[in-house]
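In order, the protein sequence lines correspond to chains L and P.
Residue numbers are given in this note's numbering: position 88 of the first sequence equals residue 88, and the series is strictly consecutive.
Residue numbers are given in this note's numbering: position 73 of the second sequence equals residue 73, and the series is strictly consecutive.
Among these hints, one or two may not hold up.
Said to hold, decoys possible - Here are the computed distance ranges between Cβ atoms for each label pair:
| id | chain 1 | residue 1 | chain 2 | residue 2 | range |
| --- | --- | --- | --- | --- | --- |
| 1 | P | Ala89 | L | Arg94 | 45 to 51 Å |
| 2 | L | Ser127 | P | Ala250 | 28 to 34 Å |
| 3 | L | Gln104 | P | Leu130 | 35 to 41 Å |
| 4 | P | Arg246 | L | Ala74 | 45 to 51 Å |
| 5 | L | Lys24 | P | Ala250 | 57 to 63 Å |
| 6 | L | Asn169 | P | Gln205 | 54 to 60 Å |
| 7 | P | Thr67 | L | Thr129 | 41 to 47 Å |
| 8 | L | Asn169 | P | Arg96 | 39 to 45 Å |
| 9 | L | Ser230 | P | Ser255 | 44 to 50 Å |
| 10 | L | Gly245 | P | Lys69 | 40 to 46 Å |
| 11 | P | Arg96 | L | Phe146 | 54 to 60 Å |
| 12 | P | Arg246 | L | Gly245 | 45 to 51 Å |
| 13 | P | Gln109 | L | Gly143 | 48 to 54 Å |
| 14 | L | Asp21 | P | Leu130 | 41 to 47 Å |
No lab work stands behind these hints: they were computed from the structure.
Since the model is a prediction, treat every value here as computed from it, not as a measurement.
Heads up, the beta-carbon is just placed ideally off N, CA and C, and yes, glycines get one too.
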Amino acid sequence: MTEEPYRWLEAVENRREYVQDQLKGGSPAFGVKLPDGILLLGVGSGNSKVFELFDRHAMTALGHPADIEKIRQAAIDAAHMEAFTRAPEDVSLRRLISFGLSPQLKTNFEQIFSAPFIVEMLLAEISNTPETDLLVRLHYDGGFQFQSSRVIAVGSPATTEKAAQSWLNSNLPETTQKAEIVEWLLQAWWVLREGKSFTENFPSETERKAGWREALTDRIVEIGWLARQSQRVARYQPLSLNDLGLKIS
Amino acid sequence: MSEPQGIAIAGDFLSLLAARGGGPLKTEHSAAAPVQTQATTVFAFHFADGVLMAGDRRATAGNVIVTDKIDKVIEIDATSVLAIAGVPATAFEMARVMQTSFEYYRRSQLQPLSLPAKVRALARLLRENLPMTMQGVGIVVPLFAGLDQTVSPSQPQIYFYDPLGAQFQAVGYAASGSGSGTIRSILSFQENYGNPRPSQMNLQQAVQFTLRLLITASEFDSATGGVNPETHTYATIKILNASGIRSLSAGEQGSFLKS
């Protein structure tokens, strides 16, 4: 098969369709840049969507749990080896993705005789100033984009992800109140999960507020906060809805 | 580094280092080894609000004072503190291995390392350093304080070690370094006959007591840097309790000492 370019391209295209199809049922995740930090949010089963990677780094993802876990472990291994052999300050998201995760994902995706990673990710790096914070979307095929928007959504398919991201960037109030931001993100999460449109027959605010609360019966909201200022070297802090004073019922 | 001794633990950073051919501690000794930088007074005791761990800030090489600004009490992670006594080159490397190892475990395994495992990790590093210890060029005798999170509320505990890696839990206090003889005597006296006893002291009393201990130790041990308000030279003091770790600034120490 590999000797025939057309069949190879067809096989890769088939893999792309397969991965995208598998990702459709995934629970969307979000990242928001704020003046005092970066907030990541996902809805899962606890320790399944939002993860600390290193002192200033975290990630959120959707996809197959085993694939998320493999990439998470690879990122943690690489970051800690770099910090130990050089210094914690030398661990950078740009290098971690460009020279570590992305080439591996691309190679794996194009090796048509091995199983592809079923995963879509958002990785974050907190810096000294909001201007130099990094949010990076990393895709199952190794493609990645450094994001400049305030809010980034991770979902599948790409069209609904863009619609959610656009809605949030237009409507999310300019606030630093984490509870208010989480409320908006969970509304967008519910709209995506329900497969509703962000343009036609868009649910009212009352419906959205009630919707995500009802949808959380057997799920856990995972929130990761990368603080810009902290007494500790590790800037990551897991938060719960209770910590933020958000009530489900 | 040689293969880590003992059973490899899944998620242990030393296992990762061994797998990648890296290693934190080299035990080869050259006959032309330089004069070691060492000597210290570090100690820890239980007081009413948790555990106080303190250290002087002097490093010496032979009869030379290298610096009076070294920090010998090191935050390892959110719930553990290490006080180093001995050769700093080895001790700081041990601290670095522990910092990376504990955080690596917590992040990769999605749960913190238990206190007994942390205590043994330091014992393992000391055992791996045995050749340097036996040659007399890399001895480290640290103190360790960590939070026992198996009880509610979490309780801070103090551990001390011998140079070969044996670990002991301290009931009330522990001290290490060249000035520790003086400190141990005073702590023992205070524990038995003092009023208040160290375990009954509030933060202000504990810090004042700590600074006076260091001043006394420095009078009997030239390798212990004392406390000198005139030059704004104070100790490194960290408090460990259920809320985590808090470092006391020189300003705070100064105001406690005056009061």
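Consistency of beta-carbon spacing, Ala250 of chain P to Ser127 of chain L, with hint 28 to 34 Å: holds, 29 Å
Hint check for Lys69 of chain P and Gly245 of chain L - Cβ pair distance inside 40 to 46 Å: holds, 44 Å
Whether the CB-CB distance between Arg246 of chain P and Ala74 of chain L falls inside 45 to 51 Å: violated, 35 Å
Distance restraint hint 41 to 47 Å, applied to the beta-carbon atoms of Thr67 of chain P and Thr129 of chain L: violated, 33 Å
Pairwise beta carbon distance, Asn169 of chain L to Arg96 of chain P, judged against the given window 39 to 45 Å: holds, 42 Å
Supplied distance hint 35 to 41 Å, evaluated on CB atoms of Gln104 of chain L and Leu130 of chain P: holds, 39 Å
Hint check for Ser255 of chain P and Ser230 of chain L - Cβ pair distance inside 44 to 50 Å: violated, 25 Å
48 to 54 Å as the expected CB spacing between Gly143 of chain L and Gln109 of chain P, which holds or is violated: violated, 30 Å
Range hint 41 to 47 Å (beta carbons of Asp21 of chain L and Leu130 of chain P) holds or violated: Given about 58 Å between the Cβ atoms, the range is violated.
Whether the CB-CB distance between Arg96 of chain P and Phe146 of chain L falls inside 54 to 60 Å: violated, 31 Å
Outcome for the supplied range 45 to 51 Å, where the beta carbon pair is Arg246 of chain P and Gly245 of chain L: violated, 26 Å
Assessment of proposed distance window 54 to 60 Å (beta carbons of Asn169 of chain L, Gln205 of chain P): holds, 55 Å
Going through the hint list in order, the structure does not satisfy hints 1, 4, 7, 9, 11, 12, 13 and 14.
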